[in-house]
Amino acid sequence: MKDEIALTAYKCKKCGKLHYPFHDRCLECRGREFEKVKPQGNAKLLTYTAIFNLPWGFDQRFLIIGVAEFQNQVKAMGQIKAESVDQLKVGMNVKPSWEPIRVQNGENVYGLKLEPM
Amino acid sequence: MRDVAILGVGMLPFGRRDEDSLMDMLAAASLKALDDAGLGNESVDAVYVANMGGGMLQHQASIASSLVDRLSLLPAAAETIENGPASGASAVKNGVLAIASGYYDTVLVAGGEKMREVTGWRATDFVATMTHPQAEYPYGITLPGMAGMFTRLYMEKYGVTREHLLAISLKNQEMGTRNPYAHVEMALDREGIFDSPHAVVNNPVSADPLHLYDLCPVSDGSAALVLCTVEAAKKRGKPYVVIAGFGQATDTHTLAERDDPTDLKAVSLAAQKAFAMAKLKPSDVHVAELHDAFTILEIAESEHVGFFKKGEGGKAAVAGKTRLGGQIPINLSGGLKARGHPVGATGVAQMVDIVWQLRHELPENRQVKNAQVGLTVNFGGFGNNVLCFILRRVEP
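In order, the protein sequences belong to chains E and L.
Counting from 1, position 94 in the first sequence corresponds to residue 859 in my numbering; the numbering is continuous, with no gaps.
Counting from 1, position 88 in the second sequence corresponds to residue 599 in my numbering; the numbering is continuous, with no gaps.
Keep in mind the hints are simulated off the structure, nothing from the lab.
Incorrect hints may appear among the rest.
[Said to hold, decoys possible] Here are the simulated BS3-like pairs of lysine-lysine, each with C-alpha atoms no more than 25 Å apart in a straight line: (1) LYS878/E - LYS860/E; (2) LYS854/E - LYS749/L; (3) LYS792/L - LYS854/E; (4) LYS668/L - LYS776/E; (5) LYS668/L - LYS809/E; (6) LYS846/E - LYS878/E; (7) LYS782/E - LYS832/L.
It should be emphasised that the depicted structure is a prediction, and the values quoted were computed from it without experimental measurement.
Could you put the whole structure together from the sequences, leaning on the hints where they help?
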């Protein structure tokens, strides 16, 4: 696990719209200048699914994936640290962390993990 | 702009076609369409090929150039169109624009995909490559996974239930048994996949809350059509089908960035553009082929194109309003759910089925009586690139 959530959102300097992932122009006003924003605090689970037919590269039985919104409105996808969707509910609080999400070419790839609170 | 007609159509049965290469399938469907158009050995001005995975799955590029060569259509112009699962309708749109502009008079559009020659593991990964390369794909998200997250939100917001989804599965697989071109020609038994204790085994969760029979199969297949000017179609002296209207719209790449992820804006906008161009409204449509890669999509699209109010699509399906003989018959081909979903072929196949409907050529158990207007929705990514077409029958 890494100390920092290495995810960067982008706030339009012209209209304030928050973007993640990066866009070259603001979705709202087409402004081209952005302030980098780090996700803050815990997050709220917006939706989730458990996937049982996984893509190439994932040698496991299933994956639980969801989309969460941080306290400063940054929204992002992450893998959920749960054994079953029975432990989950839309709107519940989740604790974010930056951990290995897959292995590629023998190396860990890090990404957002979400742990139900 | 000149009006554009569909002069001929052709399709190969979808399914697992181990004996055919991708080029075999594209060529065979094209020849059927050229023969149906009565072109004999005449050539065409241009060929557009819809294909998403040739580069990844067959290690083959420049597929349209190869098809022109296979069919001895040289020196016709040739281009391959890759627009994810909406490649088919995108290729048709490019053909329509080329004729409407006056630049070409006759265009062949062929769509094809060969997905079964790789493992399910690889095919799932191939389709997932259309998700966002940094914000989605690395997490292991799949298109069924995207649909699962969408379904959960749609259920919470609009009260869609598994019973509603089941109505789509049962209807479309029943229609598949009536369609010789369908991949899945097996009717489903409600007891076996929903009511009985064995349902958990027969119909397991695939991408919660979606189950196995909420998903389309992975298929091989091809379809083709020939576009021409209305003047050329009139000369045939029999009823023909015109492109009455079309629309295309895009939405954010990631689902997370949509203000309301249950709002399929690109579907609504594409349909609104198509209806405006056709000077028609949803109640004028007699038959539709919607992009039901997942059962929830047939429900959501039936609402977003305007057949039903938001939250009413599932209830309408349960009430039989989308069956043959209902208010608006949807996916009488079996849809992607049963006909199958060879991604590059789907958008073309949807239009081939609607042409058969509007030419009144289907058997009674699939034909909408006196159908005059048909609609297709071809849904790319997870709704981030959508095309809607409206086709109309014209008497000579």
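Okay, the hints, checked on the actual structure:
no.: 1; hint: LYS878/E - LYS860/E; result: holds, 8 Å
no.: 2; hint: LYS854/E - LYS749/L; result: violated, 59 Å
no.: 3; hint: LYS792/L - LYS854/E; result: violated, 40 Å
no.: 4; hint: LYS668/L - LYS776/E; result: violated, 29 Å
no.: 5; hint: LYS668/L - LYS809/E; result: holds, 17 Å
no.: 6; hint: LYS846/E - LYS878/E; result: holds, 7 Å
no.: 7; hint: LYS782/E - LYS832/L; result: violated, 42 Å
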